[in-house]
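Colleague: As you go down the protein sequences, you meet chains C and F in turn.
Everything in the first sequence is counted per the numbering used here, starting at 1 for the first residue and increasing by one.
Everything in the second sequence is counted per the numbering used here, starting at 1 for the first residue and increasing by one.
It is possible that part of the hints are untrue.
One-sided and incomplete, this derived list gives chain F residues near chain C with beta-carbon spacing under 7 Å [stated by the list, open to error]: (1) V18; (2) A59; (3) V61.
In case anyone wonders, no lab produced these hints; they're calculated from the structure.
Quick reminder that beta carbons are idealized off the backbone N, C-alpha and C, glycines included.
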Amino acid sequence: MHGDRMSAFRDGAASAVSLLFGMVPWGLVAGLAMVSAGLTPAQAVVMGLLVYAGSAQLAVLPLLIAKAPLWVMYATALAVNLRYVIYSAVLAPYFERLSRPWRVLLSYVMVDAMFALFVGRFRPEDRAPHRHWFFLGGSVVLWIGWQAASWLGIFGGALIPRAWSLEFAATLSLIALLMPLLYDRAVVLGALAAGGVALAGAGLPFNLGLICAIAAGIAAGLAASRVQRARARGA
Amino acid sequence: MADSWLGWTLIAGTAALVYLTRAVFVLPGSRLRLPPLAERVLRYAPAAALAAIIAPDLALVHGALAVSPDNPRLVGGIVAFAVAAATRSVTLTIIVGMLAMTAVRLIAA
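When you get a sec, could you build the whole thing from the sequences and use the hints?
Modeller: Below you can see the structure in the form of C-alpha cells.
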C-alpha cells in the first residue's frame, strides 16, 4: 500500500521533469518582471508563493507600472486565470473522493502543464487509487523548479542592464501562452477584437480600455461561434 | 511602491482570486456542472485578456500608435508570434523575440 503511493509519487515526479523546460524560463521571467514593476524582493517572493500562477502575475504587472486601479488589476488576473475554472471542473471528478486537505492542496498546485499531463494519463473512471499521489509528485517537481527560477529572477535580475528591456520577456511569454489558446476561428476573432479595442481604448482613464477590450473579445468570440454553429446547422 | 499597501493588497487579492479559480469545482468535491453559457464565456475570456494586454505593449509607444518597422517591440512581438506558432516553445519564443527586439533597437538607435 505504502509502496504503491511512493511509486505513483515518483512516477509523477519523473514525468514532470521534462515539463521543467517550459516552467523554468517562465518562472525566471515572472521573478524578473515582479521586481522590474517595482515590487520589493520580499513582496515578489511572497507573490510567487501565494499566487503561483505566472500568467496572472505577469498580466497584472504592466498594469501596476501603468498605475491602474486595484479593481482593474483584480479583474485582469481573474480573466487571465479563468482557464483554471475549466481545469477545476475537469479535475473535480478525479478528486471528489479525496479528503478536504488533499483537495485544498491539489487546488493550490494546479498549473497548466500538470493538468495536461494528468488528464492525458488518467480517465476519471479509471481504477487508479493512487493517481492523486502521481499528481502530487509531478506538482512538487514543478513547484520547486518554478519557485527556484522565480527567485533567480528576483535576486539575479538586478545584475541585468535596464537598456536590455528584459521586462519585454514577460509580454513575449504571454504571446507563447496565447498561441495554444487560439484553437478555433471564434477564439482568434475574439482575441483580435480584444487587441483592437485595447489599442483604441488605451487613452481611457482607469485602464477602462482593458476591461472594455476583454468584454469585446468575449462578445466577438460568442458571436462568431454562434455564426459558426448556425452555418454548420444550415449545411 | 516599496512595501506599500498597494503591493501587498495586490498580492493578497490576486492570490485569493487565483486560488478561487482553481478550487471552485475541486473543493466542493461534488459533480457540479457549469451552465453552457458560462462554459462558452470561459472559453473566450483567457485569449481575450491576453490579447488585450499584449496589443498595447507591442503597438503603442508613449500612448501613440506606432506601427512601423523601427518599433522594436512590434517587430519582436510579431517574430515571437511566428516562433510560437511554429515551435510551441515558450523558451524559443522568448529568446528569439528578445533577439529581434534588440536587433531593431540597435539598428534604429
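Colleague: Would you mind marking each hint as holding or not holding in the structure?
Modeller: Comparing the hints with the structure gives:
no.: 1; hint: V18; result: holds, 5 Å
no.: 2; hint: A59; result: holds, 6 Å
no.: 3; hint: V61; result: violated, 11 Å
Against the hints set out earlier in the document, a violation occurs for number 3 only.
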